[in-house]
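Chains as they are written, first to last, in the working numbering: chain A, 1 to 472; chain B, 1001 to 1485; chain C, 2001 to 2092.
Treat the hints as calculated values from the structure; they're not laboratory data.
All residues carry an ideal CB built from backbone N, CA and C; glycine is no exception.
Treat the hints with care, as some may be off.
What the hints assert, rightly or not - What the simulated footprint calls covered on chain B by chain C, stretch by stretch (three residues with Cβ under 8 angstroms from a Cβ of chain C suffice, anywhere in the stretch; the number is not a length):
(1) 1094-1108
(2) 1224-1237
(3) 1316-1324
(4) 1330-1336
(5) 1354-1361
(6) 1370-1380
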Amino acid sequence: MKYELVSGFETHIELATKTKIFCGCTTQFGGDPNTHCCPVCIGLPGTLPVLNREVVRFAIKAGLAVHGQIAEIAKMDRKNYCYPDLSKAYQISQLYAPLIIGGYVELSSGKKIRLHHIHIEEDAGKLIHRHGDTYVDYNRGGVPLIEIVSEPDIRSIDEAREYVERLQQVMRYIGISDCKMQEGSMRCDVNISVRPEGSEEFGTRTEIKNMNSITNITKAMEYEYDRQVDLIESGGKVVQETLRYDDVTGTTSSMRSKEDAHDYRYFRDPDLVTINVPREEVEELRAEMPELPADKCRRYIDDCGIPEKDAQLLTKYRRISEYFDEACDGVKSPKTVSNFIIGQMFRRTETESDKEVFDIATTPAQLNELVKLLDSGKIRNNLAKSTLEKMLDTGKGVLEFISESDMGGVDEGALLELCKNAVESNRKAVEDFLSGKEKAIKALVGNVMKNSRGKADAMAAEAKIKELIENS
Amino acid sequence: MGTIAKIHDMLTSKECSCTELTQGYLDAIEKANGELNAYVKVTGEEALATAAAVDKKIAAGEDIGLLEGVPMTLKDNMSTKGIETTCCSKILTGYKPIFDATVWETLKGQNAVLLGKTNMDEFAMGSSCENSCFGGAANPVNTDHVAGGSSGGVASAVGGNIAPYGLGSDTGGSIRQPASFCGVVGLKPTYGAVSRYGLIAYASSLDQIGPITKSVEDASIVFDAIAHSDKRDSTCVGNSGVTTYDKLNNDIKGMKIGIAHEYLDGVRDDVKEAILSAAEVYKSLGAEIVYFDLPILKFALPVYYIIACAEASSNLGRYDGIRYGYKAAHYTGTHDMICRTRSEGFGEEVKRRILLGTYVLSAGYYDAYYKKAQNLRGTIVSAFNKAFEQCDVIMAPTVPMTAFEKGRAVSDPIETYLTDICTVPVNIAGLPGVSVPCGFNQKGMPIGMQLIGKSFDEATILNAAHQYQKAAPEKFTNTKWGVQL
Amino acid sequence: MVTREDVENIALLSKLFVPEEELDGLTQSMQEIIDFADAINNAPAGNEGFDNINNLSNVFREDEVVPSYSNEDILKNAPEQAEDHFLVRNKE
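Okay, chain A solo, but in the shape it has when bound (with noise of 0.2 angstroms):
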């Protein structure tokens, strides 16, 4: 029999606002331990939390990338559980009236998984386990950040990656979070079941909490699929548990043990009040989202004529989207900067963090310079392409390096000669083409390019020469 999995997701992400969410202590990564931290979020007796508007605010922009709506009113609840790294034994979370209700991320294929809400909290602390003995840092305690919690709408490990990869891109954008999954400041629980390929019902699930990449969150879910399938094949059940995944021996493993009962007993936190977003506010907020990722792409496809593939990656990272944009500004062919940025600039900024960062020597408005010489004919393409890696290398102008009498063509005469010219000191190169190979001709529109310095057209130049060998 065939299984089909089921996922969903929830998704803890870091929000990059400057203080806690309770306190005014820095959200700053890193840090001696223990120095980011004040009475509020160490839970010293008789503290109270206050809100960060700016956690509301980052919320909604969350919400309102993933076409959330808005709650009219929401509440903050405490969930209750005592671990030595939760300094009140009970986080400060939302249940009952959460922040954003619904909303979906849209897959490439067109499919959307639909988010069930995403709520406000806090981080917790962090533990360092040495010798059997624990060490706790609440730097960390107090931070931030949004539950993103996902319908079990995902159907295959690819369709999880990219779900994942769509929240990180579009949280980016909005520029809420850095989503380092390798600095936990994106962080995904995975819930999964399988099912006989067909049937309606879901199958019991298991959680695996706190995957922290996507490839240990494809290789788990890959496990856990195989396991649950094996396990239902040979008669067993697959029990309701949570797991956590180790990446050194790619398999999951139960979390359960007997001093965790869990029965969180959530309640309203009396110590904080209602939050009820004016509208008018949120449609503020609205007002200043960017052009989302999913938007800008079809707009690259639609109106620059860009290539699929090739507007998936302007719009994969932020910068670049805005870099290809402001080189945009006034050119004949967005397809040009397009394929200058992914081409030569994509070589430059080999890995993904460095794409991201996209920290490039030249200016979008000097790439934009290159273009429109480009598309006003006064520069071929060669030349074009030359003159870029020079200014790449050095951050200076195109005028930098050409000079204007390097601009414009060859005129008709002077192409002429050229050709003549390359035939005649290539025989050697005319007499393969002769003979059929037909690449031979390259070498010769090469001579004529390389004694033009680039500026000759190289179309014109092949079918000149061509009509030279033809007639001689």
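Following the hints, complete the assembly by docking chains B and C onto the known chain A.
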């Protein structure tokens, strides 16, 4: 009587220096505290340092504020930077806060002279002060009797003249009940009038800080000083600029004072008589007495215990031996350490309330208890709103009885809970309530009457209470203890 | 009905030990308190609802950094500490 006004006059007229005065109180504490057990910590050094600073100001001819240089005390659940704050629980042994509670920051800023921290039921859970890990405070009127709770130490100290005034906290009657037992004045402000920042939480939606004083006037002075909004407490809005002191002497002619029949049900005869005779005093002052029913009140007590315990079970989860306070000496592993710390560190009543609170919030019981109680809370709020369409102030006993003898309260928890029956409705509805002495039983134990006001209308109840005090000064007595001014 | 198992379960959730010999007594005492609390089931079903006592909403702080406390202050009351951390030893 050693009231704030009197002490202020003594200081400004240079009848005595602030240092002499403070030393007088410290000596009196030294003498009386062995028997009263009102203080759990005396901060003589700090007190004398502040007193010296005030003396300097006076000597320099500077004006001083009403509370400046006046000695006072804080219940031991208010955070005082560098001064041990224990909630009278073993679990907070040795805990020295690194910040001040807002109320203390405010008063310290006015050069209040902190004599020390006073006794209370552990984590403010109790009605006799006997749930303190330091043993209970005695009633200064008759030391065989309890001072009441949970702010028993403050009431005992004020009644025993070893503090002119103090701040207590009131979650279900913890200011008003001991004030009533000890024959002093206790004001529980409207929820949100005074900042809770730094008050070690028992039940966050019910807790409120307020003064325990020798006179209504003093309660008004202290309340006006501490009722301010606080950026650190989201639920605190302050007094919105409305002060009470300037309204104490408003004429109460025509004021409508309501009595709900339910408040007199099951109340001991001597208490009932005292209340009704206080009503007569009001009539003679030109107030009108109106009677009405408030049947929802009979559910107030269970609603209170469900909500208070639920919040407490969550608030008290943080005492785990990791960041502060007591830590078990012997254990194996983190979970075991936490359980042992809590089991050894908390007293019986606290554990009982944590368990009850956990129960009413746990899966399967949340709807039947916590959610239902929250709904009823809404019903009680609107019942009071309706009642206040008929009257300006509601009058009731503070406690259905007078102070009981030591050792009586501990035996039966539910019987003890019943002593809160007249005080908890005010906390549930978030209203202000003041307890004022209104008589004595045959044994000479004080009886308190409670005046309940509309939200943020402390001015009216203090006005009514002050007029009563002026009309019936004999109900306000003095004890043999402490500093006699 | 409050059962022994209920009490064991809530004690675990509350991180409190209940010695075996106290379990029956505590179960009974919890039952009495719960019976007392059950009185609310006779109350009229109110429809008022309850949010927060003064119906406050939108109380926020601005996103401005306030200097944190020193590591020394933060750890001042820790029963045990090591290397700038709060410390929980596995065994005493």
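Checked hints:
no.	hint	in the structure
1	1094-1108	holds (count 4)
2	1224-1237	holds (count 4)
3	1316-1324	holds (count 6)
4	1330-1336	holds (count 6)
5	1354-1361	holds (count 6)
6	1370-1380	holds (count 8)
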